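Chemist: Which chain is which? The protein sequence lines are F and G, in order. Residues in the first sequence are numbered consecutively from 10, following our numbering. Residues in the second sequence are numbered consecutively from 510, following our numbering.
Everything labelled a hint here was simulated from the structure, so no lab data went into it. Just so we're clear, the structure is a prediction, and the values are computed from it rather than from any experiment. Backbone N, C-alpha and C fix where the C-beta goes; we use that ideal spot for every residue, glycine too. Warning: the hint list may mix true and false statements.
Claimed, not checked - A partial selection of chain G residues facing chain F, derived with a Cβ cut-off under 8 Å: (1) S569; (2) S584; (3) L586; (4) R594; (5) G595.
Claimed, not checked - Pairs of lysine-lysine residues, derived as DSBU-like cross-links and limited to a Cα-Cα distance of at most 35 Å, are as follows: (6) F/K62 - F/K29; (7) G/K592 - F/K218; (8) G/K612 - F/K103; (9) F/K183 - G/K596; (10) G/K639 - F/K183; (11) G/K612 - F/K209; (12) G/K660 - F/K183; (13) F/K103 - G/K660; (14) F/K213 - G/K612; (15) F/K103 - G/K605; (16) F/K19 - G/K612; (17) G/K660 - F/K135; (18) G/K605 - F/K24; (19) G/K612 - F/K124; (20) F/K103 - G/K602; (21) F/K213 - G/K602; (22) G/K598 - F/K62; (23) F/K17 - G/K699; (24) F/K103 - F/K62; (25) F/K24 - G/K699; (26) F/K218 - G/K660.
Unchecked claim - Just a sample of chain F residues kept apart from chain G, beta carbon distances all over 12 Å, derived: (27) Q23; (28) N54; (29) Q56; (30) V66; (31) C71; (32) R160; (33) K210; (34) R248.
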Amino acid sequence: MDIDINIKVKVWRQKGPKEKGRFETYGLKNISQGSSFLEMMDILNEQLINEGKEPVVFDHDCREGICGICSLYIDGYPHGPDEDITTCQLHMRKFNEGDTITVEPWRSAGFPIIKDLMVDRTSFDKIIQAGGYVSVNTGGAPDANSIPIPRHDAEAAMDSAACIGCGACVAACKNGSAMLFVAAKVTQLALLPQGRAEAKKRAKSMVAKMDELGFGNCTNTGACEVECPKNIAITDIARLNYEFLNAKIRD
Amino acid sequence: MHWLINSTIGRKFVMSISGLFLILFLLFHMSMNLVLVFSLDAYDQVTQFLGANWYAVVASLILAAGFIVHILYASILTLQNQKARGKDKYAVKNTKDASWSSKNMYVLGFVVLSFLVLHMIQFWYEMQFKELFGMEGAINRGSELIVPLFKQPLYVIVYLIAFVALWLHLTHGFWSALHTVGWNNTIWMKRLKNISYVVATIIVAGFTVIPIYVYFFVPSPF
Ligand code: HEM
Ligand code: SF4
Ligand code: FES
């Protein structure tokens, strides 16, 4: 049963990208376990404002696990200590009376800190702009079965398309690698006939952009797939490797 | 061919191919060693055959190149990855998500490398190097080196420690190498990981037999 708990939150505070950051610990009383983690952060901010202090900056938008903007590295886990959810779907039920919860930003050279817990993830947009699309006007929706696609491919493409671009994979990776994200984007299109036409060009240009932005080299540790809120599997990375090597060797 | 250096997947490709090549070498080396368990004389014939002949020298050079490429790329990748991770470390470490060996390939590789240096001094220098450069006391009967060495418990233990590191390196390395060249999918993932354990265990068990067999079962030369 949900009860009200008293907790401490140890939050990373950093004034700006160049500023030196540090942890601050705040006490919170009577937080309902039925509330969400971000509601708890809202309560913390209200408390800070009432005390005349600066509220903690963090990213959030849809608060229902679809937009991919929320982040937060909570007690050692991107998106917190629960499975297959985003931070906005995390509940205070996961925590107990007297806990000290450590909240950190995504830490990776590819995601510089803007302020407090907010990081700059525009590098992901740049990778998408490098080729994560089909460059024809699709027009109106075509007849459902006009292009036959094997069921297995359609399902696998849909699974990969579930990626919301949150960056938890990069945050979890000891190498700061963005391979899971790029692999999901490449896979989603490589499996479908509409995406096939540009598959080689796409794999090459998205990987080149990822390299240019300074993301690390994947060593297949698999930490990313454990933390991905959308269950993207590292077998997508094998497919990206295949698509890329295939494109390069045929050049 | 710039992409083998400039692109992350290109670099990984080199890592994978050089790693798989080294695994092939280990399989060959291990089978050759096992001859010793059946007959010291037969083993000595093998080592005499592989002395400083041109084919053995060429094979050694190719092998050395394989090691150098693998180690060089390992160092480049590790440095780049540390930079990509950034200076700020997480206050709360995550130890659960990934296996220890997958996160410590460089450390494990370094243990293997240190062992390699010792091993080269103890065998390669005495056998091929001395013969190649016409130095005094070149040995071409392998057993003259192996038996006295593994009668010393210290070296048995040092070799065993290196084999453990190698085992850990290979349990992650083998499937990872195939994943890197794109040969993996949801069905093969589990199989490849299991095959990885089998391959690593066969190689390491084959090597482990030698010092233990010599220590316990070969008559002491002293
Ligand atoms: C007999 C010796 C060795 C064998 C058979 C071997 C084999 C392998 C294999 C198969 C991989 C996987 C490649 C991949 O993930 O695509 C690998 C990765 C690696 N090896 Fe080795 N290795 C050996 C020695 C070394 C040494 C001496 C070092 C370094 C000092 C080293 C450092 C690494 C590193 C850092 C990786 C991970 C790199 C990555 O996944 O991108 N290895 N090794
Ligand atoms: S692959 Fe998963 S963890 Fe990475 S950005 Fe996409 S949804 Fe987030
Ligand atoms: S706020 Fe949109 S996914 Fe969490």
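Chemist: State for each hint whether it applies.
Modeler: How the hints compare with the structure:
Restraint check, G/S569 versus chain F: the minimum CB separation of about 29 Å is more than 8 Å; hint violated. Interface restraint check: G/S584 against chain F, minimum CB-CB distance 12 Å, threshold 8 Å, status violated. Hint status for G/L586: holds, given a least beta-carbon distance of 5 Å to chain F, under 8 Å. At about 4 Å, the closest approach between the beta carbon of G/R594 and any beta carbon in chain F falls short of 8 Å, and the interface hint on this residue holds.
Because the smallest distance between the Cβ of G/G595 and any Cβ of chain F comes to about 4 Å, under 8 Å, the interface hint for this residue holds. For the proposed pair F/K62 and F/K29, the alpha carbon gap of about 18 Å is at most 35 Å, so the pair holds. This hinted pair checks out: G/K592 and F/K218 have alpha carbons roughly 17 Å apart, not beyond 35 Å. With a C-alpha separation of about 28 Å, the suggested pairing of G/K612 with F/K103 holds against the 35 Å cut-off.
Taking the CA atoms of F/K183 and G/K596, the gap is near 12 Å; set against the 35 Å cutoff, the hint holds. Simply put, G/K639 and F/K183 have alpha-carbon atoms about 44 Å apart, too far for the 35 Å limit, and the pair is violated. Between G/K612 and F/K209, the direct Cα distance comes to roughly 31 Å. Compliance with the 35 Å bound is thereby established for this hinted pair. Note on G/K660 and F/K183: the hinted pairing is violated, with a Cα-Cα distance of about 42 Å set against a maximum of 35 Å.
Restraint check for F/K103 and G/K660: the C-alpha separation of about 57 Å exceeds 35 Å, so the hint is violated. Taking the CA atoms of F/K213 and G/K612, the gap is about 27 Å. The hint holds against a cut of 35 Å. Our distance criterion of 35 Å between C-alpha atoms is met by F/K103 and G/K605, whose separation comes to about 18 Å. The hinted pair formed by F/K19 and G/K612 meets the criterion: a straight-line CA distance of about 27 Å does not exceed 35 Å.
This hinted pair does not check out: G/K660 and F/K135 have alpha carbons roughly 62 Å apart, beyond 35 Å. Distance restraint check for G/K605 and F/K24: the Cα-Cα separation of roughly 31 Å lies within the 35 Å cut-off, and the hinted pair is therefore satisfied. The straight-line distance between the Cα atoms of G/K612 and F/K124 is roughly 30 Å, inside the 35 Å bound, and the hint therefore holds. Between the alpha carbons of F/K103 and G/K602 the distance comes to roughly 19 Å, so the proposed pair stays at or under 35 Å and holds.
Note on F/K213 and G/K602: the hinted pairing holds, with a Cα-Cα distance of about 34 Å set against a maximum of 35 Å. With a CA separation close to 27 Å, the supplied pair G/K598 and F/K62 stays within the 35 Å bound. Restraint check for F/K17 and G/K699: the C-alpha separation of about 41 Å exceeds 35 Å, so the hint is violated. As the CA atoms of F/K103 and F/K62 are separated by approximately 28 Å, the hinted pair is consistent with the 35 Å bound.
For the suggested pair F/K24 and G/K699, the alpha carbons sit about 46 Å apart, so the restraint of at most 35 Å is broken. Taking the CA atoms of F/K218 and G/K660, the gap is about 57 Å. The hint is violated against a cut of 35 Å. The beta carbon of F/Q23 is not kept farther than 12 Å from every beta carbon of chain G, the shortest such distance being approximately 9 Å. For F/N54, the condition that its CB be more than 12 Å from all CB atoms of chain G holds, with the nearest at approximately 21 Å.
Every Cβ of chain G is farther than 12 Å from the Cβ of F/Q56; the closest lies at roughly 22 Å, confirming the non-interface assignment. No Cβ of chain G approaches the Cβ of F/V66 within 12 Å, the least distance being about 17 Å, so the stated non-interface status holds. The beta carbon of F/C71 sits about 26 Å from the closest Cβ of chain G, which is more than 12 Å, so the claim that it is off the interface holds. No beta-carbon of chain G comes within 12 Å of the beta-carbon of F/R160; the shortest separation is about 15 Å.
For F/K210, the requirement that its beta carbon stay farther than 12 Å from each beta carbon of chain G is met, with the minimum near 14 Å. For F/R248, the requirement that its beta carbon stay farther than 12 Å from each beta carbon of chain G is not met, with the minimum near 7 Å.
Hint violations for this structure: numbers 1, 2, 10, 12, 13, 17, 23, 25, 26, 27, 34, all remaining hints satisfied.
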